[in-house]
Amino acid sequence: MTPSGDLIVFDNVSRFYGDVLGVNNVSLSIPPGITSLVGPNGAGKTTLMNLMTGLIQPTQGKISVLGIAPDDPENLFRVVGYCTQFDNFPRGMTGYQFIYSFLRVQGYTEQEADRRTWESIGRVNLKEAAARKVAGYSKGMRQRIKLAQALSHNPRVLILDEPLNGLDPMARAETIALFEALGAQGVHVIVSSHILHEVDRISDQVILLSQGYVVAEGQIQGVRSEVQDHPIQVMIRCSNPGALAARLFEEPHMVEARVHDDRHGLMVRTRDADSLYLLLNRLAADAGFDFESIAPADEDVHSIYQYLIGAEGAAA
Amino acid sequence: MKDLSAMPWGLWARQVGSVARLEVKKSFLSKRALWIYLLALLPVILTAGHSIVESYRSRPGCSIPEDTMIFAGIFQFFYLRLGIYFGCVGIFTNLFRAEILERTMHYYFLAPLRREVLLVGKYVSGMIAAVVLFTISVAASYLTIAAHFGAEWRSFVLQGAGLNQFVWYLVVTVLACVGYGAVFLIAGLIFKNPMIPAALFMVWEGINGFLPAFLQKLSVTFYLKSLSPVQVPVEGPLALLVQNAEPTPAWLAIPGLLMVSVAILFLAARRVQRLEVSYTE
Chain A
1 MTPSGDLIVF DNVSRFYGDV LGVNNVSLSI PPGITSLVGP NGAGKTTLMN LMTGLIQPTQ
61 GKISVLGIAP DDPENLFRVV GYCTQFDNFP RGMTGYQFIY SFLRVQGYTE QEADRRTWES
121 IGRVNLKEAA ARKVAGYSKG MRQRIKLAQA LSHNPRVLIL DEPLNGLDPM ARAETIALFE
181 ALGAQGVHVI VSSHILHEVD RISDQVILLS QGYVVAEGQI QGVRSEVQDH PIQVMIRCSN
241 PGALAARLFE EPHMVEARVH DDRHGLMVRT RDADSLYLLL NRLAADAGFD FESIAPADED
301 VHSIYQYLIG AEGAAA
Chain B
1 MKDLSAMPWG LWARQVGSVA RLEVKKSFLS KRALWIYLLA LLPVILTAGH SIVESYRSRP
61 GCSIPEDTMI FAGIFQFFYL RLGIYFGCVG IFTNLFRAEI LERTMHYYFL APLRREVLLV
121 GKYVSGMIAA VVLFTISVAA SYLTIAAHFG AEWRSFVLQG AGLNQFVWYL VVTVLACVGY
181 GAVFLIAGLI FKNPMIPAAL FMVWEGINGF LPAFLQKLSV TFYLKSLSPV QVPVEGPLAL
241 LVQNAEPTPA WLAIPGLLMV SVAILFLAAR RVQRLEVSYT E
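Chains A and B are the protein sequences, given in the same order.
If you number the first sequence the way my numbering does, the last residue is 316 and the count never jumps.
If you number the second sequence the way my numbering does, the last residue is 281 and the count never jumps.
Don't take each hint at face value.
To be verified - Pair ranges (Cβ atoms, derived):
#1 259/B to 138/A: 49 to 59 Å
#2 48/B to 112/A: 44 to 54 Å
#3 38/B to 181/A: 53 to 63 Å
#4 270/B to 12/A: 20 to 30 Å
#5 166/A to 167/B: 55 to 65 Å
#6 8/B to 31/A: 30 to 40 Å
#7 166/A to 271/B: 28 to 38 Å
#8 38/B to 91/A: 15 to 25 Å
#9 7/B to 91/A: 27 to 37 Å
#10 296/A to 278/B: 37 to 47 Å
#11 138/A to 9/B: 37 to 47 Å
#12 12/A to 10/B: 33 to 43 Å
Stated by the list, open to error - Dumping the calculated DMTMM-like pairs for lysine to aspartate or glutamate here, alpha-carbon to alpha-carbon at most 20 Å:
#13 62/A to 276/B
#14 133/A to 119/A
#15 139/A to 102/B
#16 25/B to 110/A
To be verified - Short, incomplete list of chain B residues facing chain A, as computed with Cβ under 8 Å:
#17 15
#18 109
#19 115
In short, the hints are calculated from the structure, not lab data.
Where is the CB? At the ideal position from N, CA and C, for every residue including glycine.
Turn these sequences into a full structure, and let the hints guide you.
Here you go:
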């Protein structure tokens, strides 16, 4: 096994569509677990996914998925499953036929293809609809049958482009639980999504993209620390927020302090969280402030995303 | 040098079979293929109609040799230049083009399947559809054109020269599907509108008899004309449409056509290997 045998590696990869930039100078190493690609429309999320599955080729740079080049589909797709955004299906097929046919194309025997088809349909709870034509499925069911197809050969890398689109809350929760279970088993689960709070909940690491560039990557807290100038928000619940705000503004690292409407809390923004926490400890011990709770309010993808990409991106 | 015996030929054969099965369903059961059925049915209606009309006449209007000559004309002018030609345009250009338009190509590209194997599977499926349709059509129209002669015709077909003609018409039909299939498969990979290559290639095939000997060999009809069992009695420049100035023997024409087809499929495989799926067309 090569040193990159357990990683998905992008080495200085760029992709242009004519004069239009897809992604530029991307270098990444993606370990097992759940990795989220986050960014507004046109940021390059789908381009990255299509590059790592060989649907498109890089203009420059090299990609390797668990040591396999994307232009070697015969070996690559033994270990990779890709659930694309494309919502089209071969005409006239039932859910069962859709999965079974492509398992047969992979070379599985009739028996094995049948067994795997039912297993994967069961994983997305579509057994009752398996005999119906996919054309008659709802958006959420189509999304689930695509997911079942991507899972049907038990891949080590599962790539999912906007997989939660169109799912109802119940199916969404089940799908997220499935991703988490796969991630816990050591499967690479790579997810792109605009639904940031869900991505935030399930991700082991995030890759933030904007206009074809990787603007930050790593574990959520690691990404957070990469953004040195990004003021940290801390929520403080206390009995006398007005006095506390006045005291905190004496500190040079403070950016903002807003008293809650209920007059029992304070939202502060600081450029130096460590100094803030030390100060709060001192105020509790020496100045008689009574703190109910102190918690970082923004160590999630959404806030970093908003900060890095701006309100327009966050709204996408 | 790769060890050919170590390659997974069994797996590839299974994959070709699976792709072909999947594609044959699409080729045969699609409503869009209806006009190809009609194309194949047309000469059968014509020859069967001729036979029915003749059977009601008190004196036969033609002889068996005349009927076989008429069939030779139908075969050369209708089957080879229109029926099988446009049938193959409809079947083979859509093998990849239709999937790109319907945005379903990625399902194959995301399977552990060599793209050359996919190409072969699709080509085999097109061959099954075209060969079944047009050999049945050719056989039916040949057998019905002189059916009004009854026992005399049956004897001609089963014991006389008819059997040889019948077999060669079927062989030429299969070879026409092989050649046109390869040409229109690659055309579907290159051109967005298949009617453009169909028209261009038709012109090429039409003027082929007037071209230098080397260029004539880069054609499908060049080989097929030499293999047709009955020569159509056409004189003047039009004769070059149905016969070669220097007829090529079968032992050269058949491998020649197969080699041209394999070369085209090789180029098509290179094209498929580089094909990207972005559906932006």
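Checked hints:
no.: 1; hint: 259/B to 138/A: 49 to 59 Å; verdict: holds (52 Å)
no.: 2; hint: 48/B to 112/A: 44 to 54 Å; verdict: holds (48 Å)
no.: 3; hint: 38/B to 181/A: 53 to 63 Å; verdict: holds (54 Å)
no.: 4; hint: 270/B to 12/A: 20 to 30 Å; verdict: holds (27 Å)
no.: 5; hint: 166/A to 167/B: 55 to 65 Å; verdict: holds (57 Å)
no.: 6; hint: 8/B to 31/A: 30 to 40 Å; verdict: holds (31 Å)
no.: 7; hint: 166/A to 271/B: 28 to 38 Å; verdict: holds (35 Å)
no.: 8; hint: 38/B to 91/A: 15 to 25 Å; verdict: holds (21 Å)
no.: 9; hint: 7/B to 91/A: 27 to 37 Å; verdict: holds (34 Å)
no.: 10; hint: 296/A to 278/B: 37 to 47 Å; verdict: holds (41 Å)
no.: 11; hint: 138/A to 9/B: 37 to 47 Å; verdict: holds (43 Å)
no.: 12; hint: 12/A to 10/B: 33 to 43 Å; verdict: holds (40 Å)
no.: 13; hint: 62/A to 276/B; verdict: holds (17 Å)
no.: 14; hint: 133/A to 119/A; verdict: holds (19 Å)
no.: 15; hint: 139/A to 102/B; verdict: holds (17 Å)
no.: 16; hint: 25/B to 110/A; verdict: holds (18 Å)
no.: 17; hint: 15; verdict: holds (5 Å)
no.: 18; hint: 109; verdict: holds (6 Å)
no.: 19; hint: 115; verdict: holds (7 Å)
In this structure, none of the earlier numbered hints is contradicted; all agree with it.
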